[in-house]
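Engineer: Sequences listed follow chains A and B, in order. Under my numbering, think of the first position of the first sequence as 1, with each following residue one higher. Under my numbering, think of the first position of the second sequence as 1001, with each following residue one higher.
If you're looking for bench data, these hints aren't it; they were derived computationally from the structure. This one's a predicted model, so the numbers in the text were calculated from it and none came from an experiment. Just so you know, even glycine gets a beta-carbon here, dropped at the ideal spot from N, CA and C. Among the clues, some could well be false.
Here are the simulated lysine-lysine pairs, DSBU-like style, with alpha carbons at most 30 Å apart [stated by the list, open to error]:
# : chain 1 : residue 1 : chain 2 : residue 2
1 : A       : K348      : B       : K1037
2 : A       : K348      : A       : K259
3 : B       : K1521     : A       : K693
Chain A regions said to be covered by chain B (calculated; three or more residues, Cβ under 8 Å) [what the hints assert, rightly or not]:
# : stretch
4 : 283–292
5 : 559–568
Covered stretches of chain B, as calculated for chain A (at least 3 residues, CB under 8 Å) [unchecked claim]:
# : stretch
6 : 1330–1338
7 : 1411–1425
8 : 1545–1559
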Amino acid sequence: MAVELILLEKIGSKRRAFSANKNSDLLVADEAETSKRKRVEKPFKDKFIAPSVLLGLLYAVRYLSGDRTLGNATMADISRFDPYGISGLVASPLPDWLTAMAGIFMWLEAAAVLIVILYPLFDFKNINNLVKFFATPVFIFELTLMYAEMQLFCSFGMDVGTLYLSAASFAGEIGMSFAICGYAWIRDPRFKISKAEVKNLLLSILPVLIAAFPPYLLQLLFGKANALYEIKGLTPQHRAFLYAAVVVPIVTYFGLRNKSKDVIRFSLLFLSLATMVSYTFNYTFIDIIQPWHWPLHLCNTAMYIVPICLIFKWDKLFYFTYFINVMGAFIAMAMPNYDDGTNIISTKLILFWINHFCAFFMPLLLVALKVFDRPHFKQFRYSMIGFLIYFVLMLIVNGWFSNYVEGGVDYFFLNKDFVVSKLGSWAEKLRENYVWQFDIGNLHFVYYPVYQTLFFIVYVGIAFGMWFIYEQFFAIADFHYDMMIRNRKFRQDKYAMKSALNGRKKSEPMYDQTDKLILEGFGKRYGTSNVYAVKNADLEVNAGEIFGFLGPNGAGKSTIIKSIVGIQPITEGTIKVCGYDVEKQSVEAKRQIGYVPDHYALYERLTGREYINYIADIYDVSKEDRDERIEKYVELFELQGAIDNSMRTYSHGMKQKITIMAALIHDPKLWILDEPLTGLDPNSIYQVKECMKQHAKAGNIVFFSSHIIDVVERICDRITIIKKGKIICTRNVSDFGPDNTLEDFYLKTIEETEVEREEIDANVQPETKRKHRLFKRD
Amino acid sequence: MEDTIQNKGFKPFIKHFKALVLMQLKDKLDFSFLSSKKKLIAKIVFFILRIGAIIAISYLAFHYAAVLSLFSLSGIVPVGVVTMIYTLIFVMSLLSCTVGLMKTLYYADDNRVLVTMPVTGNMVFFSKLVVYFIFELERSLTFTLPLLIGYGVASLLPIGMYFWMIPCLIFLSALPVVLGALLSLPTMAVYGFLKRHGAIKVTVFLLVITIFVAAVIWLILLIPENINLIQQWHHIQPHIIDFIRQFNIYAYPLAKLTNMMIGEYYNLRFNFTWAQVVTFVILIAAMALVLVVVYLIAKPLFLKMTATPFEFEKKEYIKARENRRRKKYKSILRKEFLLNLRSTEISYSFVAVYISVPILILLLNKIFAAMTTQLLGDYMAYSFNLLIILLILFASNAIVSTMYSMEGRAGYMKKTKPLELIMPLVIKLFYNILFSVLSILAAMTVFGIYSALSVGNIIMLTVCVLFFQFGHILWSAERDLMNPQNEQYATTGGLIDNPNSNMTTISAFIISAAVFAFSLKLFTEGGDDPTLACVKLMLLGIAFALMRAYLFFVKVRVYYKERM
């Protein structure tokens, strides 16, 4: 068994085992190192949380004052920046290459700053390498480009005061970044890293860069370009974006699902923060004091709710985004609200998709990767309360802020006709025919009660729909995960068997005991139940003996028999049939078995002969042998007049006889009979008993389960008694005599175990009783 | 004996009779909704919705038929049309009652159980008729009545007529039952004869199928090359009116029964007449007479059949054969063919489905060919072809999702045989796959003849349909494996409401509709050249089949052994 286990580990998947071993060694070493390091360095690392927060603030100041200028230039004032619609670089006062370099390095710097900000919060090897080998060089290069970047800001109309603020915060940002990077180098001064670490590093840089991609960069580098592709109206290009919304989370999920909790958390936090930074590039300090510019659109809320939930672990807020944002984002992606002719590389379009991708799949990823639990109805309720609050708030905000903005404010599309125009004239009428207007002081409020109420109801309905979809999705995902695990185990068993055979053919026995039926530690549980139908069953039946299998109804007899013949899988232990492992060499093992079930199971539209021939074909019985055996048994069971009739016309006994014939047609080494005498006439019973004796005499095993103790006593050599899934005892039948019959022994044995149980139950203390029950179950 | 004496009298008779009827009804119908308030409310709501929907559809149909003057120039739908509809319903009921009563009166397993109960043979016999009457009554009140109400609303029937319809329908529901009981006698004779003579049965079946198919194809080919209903309407309408008139002359008794329910039309409105009451009385008298005849002829046969044990009945005799050795997988395949061919219900339904596909495609394309269509119309026609083929084939796979379970306990025994588990399972599907391939090839050939698509594109679409069908067959079979019903089939012999079949039917609708929508989108996107769309559809079909095949094989490997 131990050998098998080693083999299983070795061969189950050589590479997997190898890497598992290696990984486990590494893990052990890593864990020791990490805990040691934590003990020594934790206070030191904690000190870096404050600089990291400060770095975040500096970055935010710089970002909200200057960095976005490039983006604004490309997005808002395209004619100034790109008068010919050819390239975004032409309007820059700097050489094209320098403008391009500045733009690209601002992208790299954004990614590097975020890594450095998060660095003190996480402790795994790859983040250290990211800081050392990605962030540090980026900051060094950034130093060389700082002047060019400031020139760019200057040329795009940044006022002097803001420029000074921006420059100061930029300098502070670089300085603070160097300090944290320096800490990473002090902590691990190695320059040389292993190949695996290089691979991990490269594999992480790519997603890091994708996540931090600034929405304006393509337009900065390539200008307006030709508006060839319209990402709208479910065109193939639009569909490609929709597919990406599904593929990206799937790839992310598979990339992260086997990683540690720390890595998962870091990755998701980085992803959400990076996309939030990208998304907010067109926000400035001025927007803070102009609340009607705040990102309060439903999908926009996901951009900051997700990182907030990740940082502060606010599950109630998270489930709001989980039930509400995902569907909203999907609808928005299917019906994007940007203008016709918006090009594929335009800032606006990329901004839209970054936002909606994030709103769509981040909540799903967070649950799939188990950062948040799968929701119960309680969480759904919270999310609906959250939605109600959000909805009411948006109604107020829309009504109120519309007084300050020309054209009105339309958060969540509650105020304007964007949604109804998509639905048709009926919806437009519904909105316009029921209007409620009133004034509070100088403020004028307009509401559309019917439209807005229906909007709310429909959205709650959609949320319920989402609940249903999630439930279905979880069920499917769980099922496929279970399937995958089982399939992997199946393959590992296959490899284990190959190695256990050690070069021998699959058709050869795996074990030496080729004339025995052996059960070793056999156990069986059904489905997901924790209760064992049979537990720790050990049994050895020899060739040439008729072995009786006794026990009350529900004792586990049929469970053992069904596991031997292959009707059901084994939960624990091994069953060996004539040297073949029933699980691993099932086909070969079954070839040795003839099985008579407790209830005949035939294809009744066939004739008796057709059925027997069909079974003989399966066991590859020669023509001569089958002729001889069919003739013999037809005569023995008096089926001469019926063997060529349809089995539908047979009586119960005749069908049972055909079943017995089918079990014997290939002269099995192990003949298993489960209550075979039911419905047979006395003559046939006699013939079956004779067959059993002859079969055993010929050196085969006869395994006979019955409730008729007299018959068992008369024909069996040994018996075993099973009760409540446990084999109680095994005895030679010759031990019994007229004064000590098998029947008495059986009844006494069954009764004794009952009494024993009752005594235990009556005498022991409740706590002990509970333990005893647990012990018994185990 | 004492019990019997005590049980004499009218009240105990009614009590026993009611018990007998309820017992049989509960065996055939699902009353589980009565145990749950939620289910009961849902049932009532769906019932009301169903009735409302039938009334609405019926009203709209008759209303627009009247507005468009489809069947008369007078602006109303003539009673003759209702007679035709009622005749159709009546014939269907009669057929179902005849066949059903033949089986339930003379061949049902429960007869021998029922006669052992402390009730008379007469009670058992009549209880069986009453059970059928209740089924018929349910059908009349939930389908025929709303249909007539729809007609009544469209034709402004007097209010009283709606109330009059109810007793009429109650008695009319009994008519197919008593006539069916009478006709069940000759039907049983024919059935018994055919059962004893397998060769004749198969010949008759093939003959009927051939004649039917030939007749349908002939009718389809009669469709003119160029249909323009609006231009040709003045030629067509007199023929329709004449046909209705002629039909009413030949179906005089049924026309009288229809008049009995909805009255007669004169003075530009429907009127209640004494003739209706007279017809009603004649109907009751005629039914009583037929019932007496049934009692005198059918009841003795019923009692005789219940006393005949099936065990000694030699149902069929197959000539003695030599033992013969075959390759094991060939032997399994042969066994499957023998079982399917000897199980007439499966064979007939397969044949019916697989023949109907090319015929329907012929009809569809003949109609499309007669229309002048633009490019979009052509593409819609292609997509409709795919929809029809896939819908019928997928829906027929409901049988596949019962195939393993139908083996009952014999299904478990497969696991004990020295075979790779997958092999017998796949071989079991071969019968279905073979015939569906033939059906698809025939249907796609017909489609190819009528469509303007190139041979290459037709081949690609054929591959698409074939692979979709393979995938769906595997999916349907997989459902049966994952949620086996063997024990239910073994104990009851069949399942009225098999969840796997239901899921297969639902998936059939969803997938075929999705393929329809997707193909239409692809065709229209491709502009003038549909080749790319055909390539994509083919690849989609192959991908679907491969995915289903992978999942089927993996699930068999990891789950099959433990599912039972």
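Engineer: Now tell me if each hint is right for this structure.
Structural biologist: Each hint, compared with the structure:
A threshold of 30 Å between alpha carbons decides the hint, and for A/K348 with B/K1037 the separation of about 55 Å lies outside it, so the pair is violated. Between A/K348 and A/K259 the alpha-carbon distance is near 35 Å, which puts this suggested pair outside the 30 Å criterion. Restraint check: the Cα-Cα separation between B/K1521 and A/K693 comes to about 73 Å, which exceeds 30 Å; the hinted pair is violated. As drawn, the stretch 283–292 of chain A meets chain B at 0 residues by the rule of a beta-carbon pair under 8 Å; below three, the given contact is violated.
Coverage of the stretch 559–568 of chain A by chain B holds in this model, with 4 residues showing a Cβ closer than 8 Å to a Cβ of that chain against a need of three. Coverage of the stretch 1330–1338 of chain B by chain A holds [criterion: at least 3 residues with CB-CB distance below 8 Å; count 6]. For the stretch 1411–1425 of chain B, the stated coverage by chain A holds: 9 residues have a C-beta nearer than 8 Å to a C-beta of that chain, and at least 3 were required. Requiring three or more residues with a Cβ within less than 8 Å of a Cβ of chain A, the coverage given for the stretch 1545–1559 of chain B holds, as 5 such residues are present.
Hints 1, 2, 3 and 4 from the list above are not met by this structure, while the remaining hints are.
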